[in-house]
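With the hints as constraints, model all of the structure from the sequences given.
Number of protein chains: 2
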Amino acid sequence: MKIAFIGAGRLATNLAPALKRAGGEIVEVWSKTQASAQALASLVGCKACWGRVENATPEADLYLLSVKDSVLKDVISELHAGREHALFAHTAGSLPLSLFAEAGHPRGAVFYPMQTFSKERSVDFARVHFFVEACEPMDCQLLLALARSLTSASNVHETSSAERRRLHLAAVFACNFANHCFALSDDVLRAAGLPFDAMLPLIEETVLKLRELPPAQAQTGPAIRRDENVIGMQRAMLLDQPRLLAVYDTMTRSIQELSDS
Amino acid sequence: MKIAFIGAGRLATNLAPALKRAGGEIVEVWSKTQASAQALASLVGCKACWGRVENATPEADLYLLSVKDSVLKDVISELHAGREHALFAHTAGSLPLSLFAEAGHPRGAVFYPMQTFSKERSVDFARVHFFVEACEPMDCQLLLALARSLTSASNVHETSSAERRRLHLAAVFACNFANHCFALSDDVLRAAGLPFDAMLPLIEETVLKLRELPPAQAQTGPAIRRDENVIGMQRAMLLDQPRLLAVYDTMTRSIQELSDS
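These protein sequences, in sequence, are chains A and B.
Residues in the first sequence are numbered from 0 upward in steps of one, following numbering that gives the first Met the number 0.
Residues in the second sequence are numbered from 0 upward in steps of one, following numbering that gives the first Met the number 0.
Hint data in this document are derived by calculation from the structure and do not stem from the laboratory.
Watch out, some of these pointers could steer you wrong.
Because identical chains cannot be distinguished in the list, a pair is counted as satisfied if it fits within a single copy or across any two copies.
Result set (EDC-like, lysine to aspartate or glutamate): computed pairs, CA atoms no more than 16 Å apart in a straight line [to be verified]:
no., residue 1, residue 2
1, Lys67, Glu227
2, Lys31, Glu53
3, Lys31, Asp73
4, Lys1, Glu162
5, Lys67, Asp226
6, Lys72, Glu53
7, Lys118, Glu211
8, Lys31, Glu77
9, Lys118, Glu204
10, Lys46, Glu203
11, Lys31, Asp68
12, Lys67, Glu24
13, Lys46, Glu24
As structure tokens, this is what we get:
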């Protein structure tokens, strides 16, 4: 099965080399800019293509589309002509499978890895969960097998668009919002010339606990203890930083309400 | 140096065995209840003591006080008589060194490990940062050395009460609030019968990134991308859960404002 990557962003930059290592045949990387197409193509040793998406090879069996959500529909439409029988799969958390039919390409699918990607770090897919969906049952089997070439079988799931959208929402809380808590912690320390490094073992232990306890049960800190003394003192330290205070108050209230519920 | 533990909670349950392994001489564990005093005393092989805190041994050189913030001052006062010359050190993030003078025991100190503790898990102190403060320079040296017996020298800091209070506030963001984000993620999934396990590799990768990038630079997700489509869809999914929606909106706004600043 010949695979072409449409898009060479953070997700593709991690997924393409992993598929290649797993024995996948990657024939081309397309990206809008020459530089990014060539960077990823050279990483996996295939042809690079850039400019208009119509320029992409017509000869792949599977097109993995990892472009911005906002342009995906247009990319599908533009790619369709000359590739009517190829399988297209997008990698987005919140876009429905129905997008392919709407864009005029009936053989659509979703291949969604639950992970946060950066170009600086290479993700180990062996523990990543994949969520797969396809218009045709045969295509679903094909993508489930592709996912199983990257991770263990128990991490590969067939999931509806509604479930995937919910998984994406959960990931926003678990990854994006948690990371923002780290950023605000860094802010609090930086203002006083204190090192954020001191937080790393604390953060790592917080995460290790998740393997043994549900997070609501592992909750510690002044909010869950209802320690009004410390809460009052910490609020006072944030009075001149309304953004941090708003987060402090919202999270404190939410922790207390969740433990009451 | 003979060490007595006053309090046998989560912190003491981790710290006492670690000090023992590092060669510390622990002579007694006091706790209000017999069961918890005996549980920790048997773990480190020392005498257990319970009931009134005055019952604690008068013969220790160092009393490590890890009791609730709200009772610490009273515990210091009650412990003072008969132990006038002993060193008392508390382990709290937000309580000032001045508390000891206020409670009538001038030889006070602080021995604050930056970590979250549970009784179920044994913390590896080798990477934990310690923040030390004492009324007397000699006592400060003594506690710095004690911390260095548990962790590497670069993780041991002499810190003022104001700095420690700020570190504690940063820890509330980095640990307590981040953990609450995990709990809300669990909530979102549980409601749909989806497995929180799928989030663990995502969360672990988010944390691994912190070793390479400052958290504000590592931020990903719809908020920082200003992806109004996904934000609108995710808000719609939360309309019947006002608590989660409040967190979603506050965090989204804070992520966007931090990236603008």
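request  = If the cutoff is 16 Å on CA atoms, where do Lys118 and Glu204 land: within, between, both or neither? Let me know, please.
outcome  = between (26 Å within a copy, 13 Å between copies)
task = Please work out whether the CA atoms of Lys46 and Glu203 approach to 16 Å or closer within one copy, between two copies, in both situations, or in neither?
result = neither (41 Å within a copy, 34 Å between copies)
query = Is it within a copy, between copies, both, or neither that the alpha carbon of Lys1 lies no farther than 16 Å from that of Glu162?
reply = neither (29 Å within a copy, 58 Å between copies)
message = Regarding Lys31 and Asp73, is the shortest C-alpha distance of 16 Å or less found within a copy, between copies, in both, or in neither?
response = For Lys31 and Asp73, only the intra-copy Cα distance (14 Å) is at most 16 Å; the inter-copy one is 68 Å.
query = How would you label the pair Lys31, Glu77 (within, between, both, or neither) given a Cα cut-off of 16 Å?
reply = within (13 Å within a copy, 73 Å between copies)
message = When Cα atoms must be at most 16 Å apart, do Lys46 and Glu24 count as within-copy, between-copy, both, or neither?
response = Answer is within; shortest intra-copy Cα gap is 12 Å, inter-copy 67 Å.
ask   = Between Lys31 and Glu53, at a C-alpha cutoff of 16 Å, which is it: within one copy, between copies, both, or neither?
value = within (11 Å within a copy, 75 Å between copies)
ask   = Using 16 Å as the alpha-carbon threshold, which applies to Lys118 and Glu211: within, between, both, or neither?
value = between (31 Å within a copy, 12 Å between copies)
query = Checking Lys67 and Glu24: alpha-carbon separation at most 16 Å within a copy, between copies, both or neither?
reply = neither (24 Å within a copy, 61 Å between copies)
ask   = Is it within a copy, between copies, both, or neither that the alpha carbon of Lys72 lies no farther than 16 Å from that of Glu53?
value = Classified as within: same-chain Cα gap 14 Å, cross-chain 74 Å, threshold 16 Å.
request  = Could you place Lys31 and Asp68 in one of the four classes (within, between, both, neither) given a Cα distance threshold of 16 Å?
outcome  = The answer is within: 15 Å in one copy meets 16 Å, while 58 Å across copies does not.
ask   = When no copy is specified for Lys67 and Asp226, does a C-alpha distance of 16 Å or less occur within a copy, between copies, both, or neither?
value = between (45 Å within a copy, 10 Å between copies)
When held up to the earlier numbered hints, the structure conflicts with 4, 10, 12 and fits the remainder.
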